[in-house]
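Quick note, the sequences are listed as chains A and B, same order. Residue numbers for the first sequence follow this note's numbering, beginning at 1 and rising by one. Residue numbers for the second sequence follow this note's numbering, beginning at 1001 and rising by one.
These are computed hints drawn from the structure, not numbers from a lab. Check the hints yourself; a few may be wrong.
Which bits of chain A does chain B cover? Going by a derived footprint, with three or more residues having C-beta under 8 Å, they are [what the hints assert, rightly or not]: (1) 22–32; (2) 169–178; (3) 181–187.
Label-pair restraints from in silico Cβ distances [what the hints assert, rightly or not]: (4) B:T1237 / A:D10: 51 to 57 Å; (5) B:V1031 / A:I34: 46 to 52 Å; (6) B:D1346 / A:I81: 57 to 63 Å; (7) B:T1116 / A:G11: 51 to 57 Å.
Stretches of chain B that chain A covers, calculated by requiring three or more beta carbons in the stretch to come under 8 Å of a beta carbon on chain A [to be verified]: (8) 1020–1029; (9) 1290–1299.
These numbers come from a predicted model, not from an experiment. C-beta atoms are modelled at their ideal positions from N, C-alpha and C, and glycine is treated no differently.
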Amino acid sequence: MIAERLEVADGQLDSVLGRTSPVVKLGIAVLWLIGLALTLHPVPPVLLAGAALAAGLTLGGIPPVVLGRNLAPVWLAALAIGLSNMLFSAANGDPTTATLIQLGPIRIAQEAFVAGVSIMLRVAAIACVGAVFALTTDPTRLADSLVQQARVPARFAYGALAAYGAIPRFTEDLAALRQARRIRGARAGWHPRLFVGLLVLAIRHADRMAVSMDARAFGSGPRTHYRTLHWSLLDLGVGVAAFSILAIALVLGR
Amino acid sequence: MERERSRRLSGGQQQRLALAGALAPRPGLLVLDEPTANLDAEGAAALMQALGAIRGTRAATLVLIEHQVDRAWPLADVVLSLGHDGRPIDVGAPDDVLARSADAMRAAGIWLPGETARSPLARRARDEGASPDPLVRAEALRFGYDRGRPVVRDISLDAWAGERIALVGPNGSGKSTLGRLLVGLLRPDHGRVTLAGDDPARVPAATLARHAGYVFQEPERQFLAQTVGDEVRFGLTDEEHGRVDGLMQRLALPLDVFEGRSPYRLSGGEQRRLSLACILVRRPELLVLDEPTFGQDRLGYEGLLAILGEHLDEGACLVAATHDARFVDDVADRIVEIGEGWIVRDEPVAEAAA
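Bound-form chain B, shown alone (with noise of 0.2 Å):
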């Protein structure tokens, strides 16, 4: 991989490389902000694996913030937990921590070791009767955004409506360009895209936004206005602005407080459930979402949760990449894996469980 663009990695490959390069020096103090988030399993279970050498060594002090602490948990010798006035609720020994202030931190929202949402979605047969025709029908895609160097090489995939599709896989297998494809936002080189019976990639774009939704995986790049306001209107009819407040609300984004803060000035949580907002607020047809839990808490997490099930039990299709393991078991009734631009596995989730 030596002489590889470092822009052409994929999301969690850049996120690995990042570390390799903040490794790399031994330094005598190393902080890692969510440095899991984005990374494949295999990618986590290496990073941890190295952090605990390092601990091991005792040749470096580690601040490792993060928020899904199952693999963290083993490795700290004091656990600060933080609540959201800044203030410390707990300091000290994990075990301690845990024994004197759970209830105190799970109050407010945080995420304990082996902890699971409180709500997951129900999971439901397809129903069969329901519609022939699926909504969105993938047809021997090819894409590549390098002449020669294809990152989808030939993948098929109908998604019906009432659909949960987890597309799993390693970093840089082409989740990301799979989704980008589904919803039009990129041509395929072969094949063809079809989403409620058009081209998604050549309908007009109020058409397309009717039908599709798609939350990037860098929210910064899907920014477009200066405000988190401006930003949760952008573009939506009378029927979608009156949705604002309350999802707003239940996202933990209250207008009242953040409306006329920058987008870009918001924590990577709040910029994660912001660009989710401003898509789960169209209630569309076809809802594609590239690594949606990043950077939450257990509230954050949990009001997505929430959220999601309403949109879908009214017959929307949800196709999330992801790395989340939890996610993919809260939401997932279908998991389809990706692994270097083919599929390599697509069973419904009771199948896969078994």
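One chain only, chain A, in its complex shape (with noise of 0.2 Å):
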């Protein structure tokens, strides 16, 4: 369920990644992302997914079990992503390639392999750099972070946090539904209203949210915070470790 993997245990919110600030995590990962983009060398990408696994089963405390059930998805889509694009490059067609593989009509050449290998790393990479933030982040704390260390308007910050935290509400909504159309006689499965539906609570739901950021005063002046945020030099430390391994591993892959 989705509302399942919106959760992050407590283990993994006292680990050292996630006591690091997210705002500095965050730009980590965006980082990494450009990095990725960079190079079409298969090591950056083997290297900062190996280290993102890491660092994030051990500074981050994931259960590998967890870890892994997060992953497997997108890394199945990485592989047919990889795939097609093997398959399907025009590489292939290119008489003056090498052939690497020859399946009847099927022909692969070395580019079109080299070009689907390196984008099905980068795709992987990105999932794991991505889940390890997810992972070890709290929204709310991300939110804090970003107002009070990122200088994001509080209106902006708060109202993506309500955005976010809406999310499970339409796995609720639309259970909700679905018994309300049982207990009235009308056959399970799916029906087009129960879109409207959800639409309508959704639309409802929003309303009365800012109504309610309204109320609070969101966006007319100064906030005080709950939690106040400070820098430490656990985010220095990790700021300059990630950096360092992107370094490393865009050097490697020249």
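Given two chains presented individually in distinct reference frames, assemble the corresponding complex, making use of the accompanying hints.
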């Protein structure tokens, strides 16, 4: 369920990565993604994915099962993307390229293979970085950190947080609507009317949320904070380490 | 509770959280729209105490919108009583308003402090000879929305036709979840439910709808149509269609006025009555209601009581999860108290009162 995936266990939040400023982690994730986009070499994605996984499992306290369950679908998607790039590459029809595999009418050129593997590795690496970030970051702390440490407008950050918090609400609304249909004798299963109901409930909820935020004077001036966040040596350490790993990966992948 | 997800809280807990959020910044003006609806007795008392403290310091102006005025009345400096047309019936000091306008307010269906309903349902001893089997039997139910966090821990409960059971207990104790288990909208992790001989979670929806009715705590989550008329007629048989007009009239939602309105644009109390009408019109054998009385003025409450009474006299079984002590007094002949997923008390009302 989506709802379950949005939960971050206490063990992960209290870990070294969990205590690192979410803005620092977000910055690292973005930097690493840019790094991954800059290179076609297979070494950087493998190295960065490995580093992210190792950090997530040790410094992040993520149980291997949880990490695996979150990554499996994205890795499958990465495999599918890699394979389709390999099979449908223009290089396969170009007779000047070196043939790597010939299976009946299917010919895979060496360039196609390299390109396919490269894109697969990069998608898988992006998934690893994203999963480790999400599994060690409490959404509320991310919003706090964005507002206090990155100077993002409170109205925007907490609005986004509220929208994010509403995602699990969808599954609950849907469950309630389906129960309501069942208790009134309508067959189970999918009905277009369910989507209308969901939409109405979502709009009503957004409406109430907007009123609540206005009632709490969001966007009206300086705010105080319940949790005050400070930069720490940990943030510096994690930032420097992550930057070094990226630099090493890019140098090795030249 | 710091890391508890707010959406996981029960309806009453959510209400208290919202109140805490509004109280925390110490506002100069605080408007509370039926703040004690869905609160357990303890929560309602705690809230009133907090409001009393604010009133004591004169730090904020409080505007309290309420139907059930017993707790709120002593706090008020000024009472404004509004009629159906939105015009004030009276405004002034609480005692003056009572002295001047008690009759006019009563005529408009407004609750006065300390007042009880005019027609509580007659209590009856269960007819032991009627049926040897319970209408619904729950055996060793366990259920949790998340693994390792059971909401209902181990509940066994038999309910017979003709019984009127009040499910009481603090916010978050598992009343709503138990209600949904009884009508098969949720499947227990362990144990089983038998309703009229079948597992209600496995019978076809049409069969379930004949045997059981369930009214959700949040009316908006059960609405399936765009207009009040379509909503109350959703999936009815021809016979049931014939009852719609009269029922809506008695619930103060006459269809000549409300037919084309959107269910979502009704007031909270009207939404509650519409959600009840949708289920009551079917006259199911087992009627499970989750907080049936919130947002009701005295007219709405007494109308509901009369309709429920007629239906129950035909032998239906009522299970109502409620914090409304008045409703328990007026309706229940058996009280089942839930605490943290267990039944902590189950006794006929006469003994409970003794």
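For each hint, the structure was consulted:
Three residues within the 8 Å Cβ limit are the bar, and the segment 22–32 of chain A against chain B gives 0, so the coverage statement is violated. Remark: the segment 169–178 of chain A is confirmed as covered by chain B, as 5 of its residues place a Cβ nearer than 8 Å to a Cβ of that chain, reaching the required three. Requiring three or more residues with a Cβ within less than 8 Å of a Cβ of chain B, the coverage given for the segment 181–187 of chain A holds, as 7 such residues are present. Between B:T1237 and A:D10 the Cβ separation comes to about 52 Å, which falls inside the hinted range of 51 to 57 Å.
A beta carbon spacing of about 49 Å between B:V1031 and A:I34 agrees with the range 46 to 52 Å that was offered as a hint. For B:D1346 and A:I81, the hinted distance range of 57 to 63 Å is satisfied, since their beta carbons lie about 59 Å from each other. Against the hinted window of 51 to 57 Å, the Cβ-Cβ separation of B:T1116 and A:G11 comes to about 53 Å, which satisfies the hint. Using a Cβ-Cβ cut-off of 8 Å, 3 residues of the segment 1020–1029 of chain B lie near chain A, which meets the minimum of three, so the contact claim holds.
Note: the segment 1290–1299 of chain B has 0 residues with beta-carbon separation from chain A under 8 Å; the three-residue rule is not met and the coverage is violated.
Of the numbered hints listed earlier, those contradicted by the structure are 1, 9.
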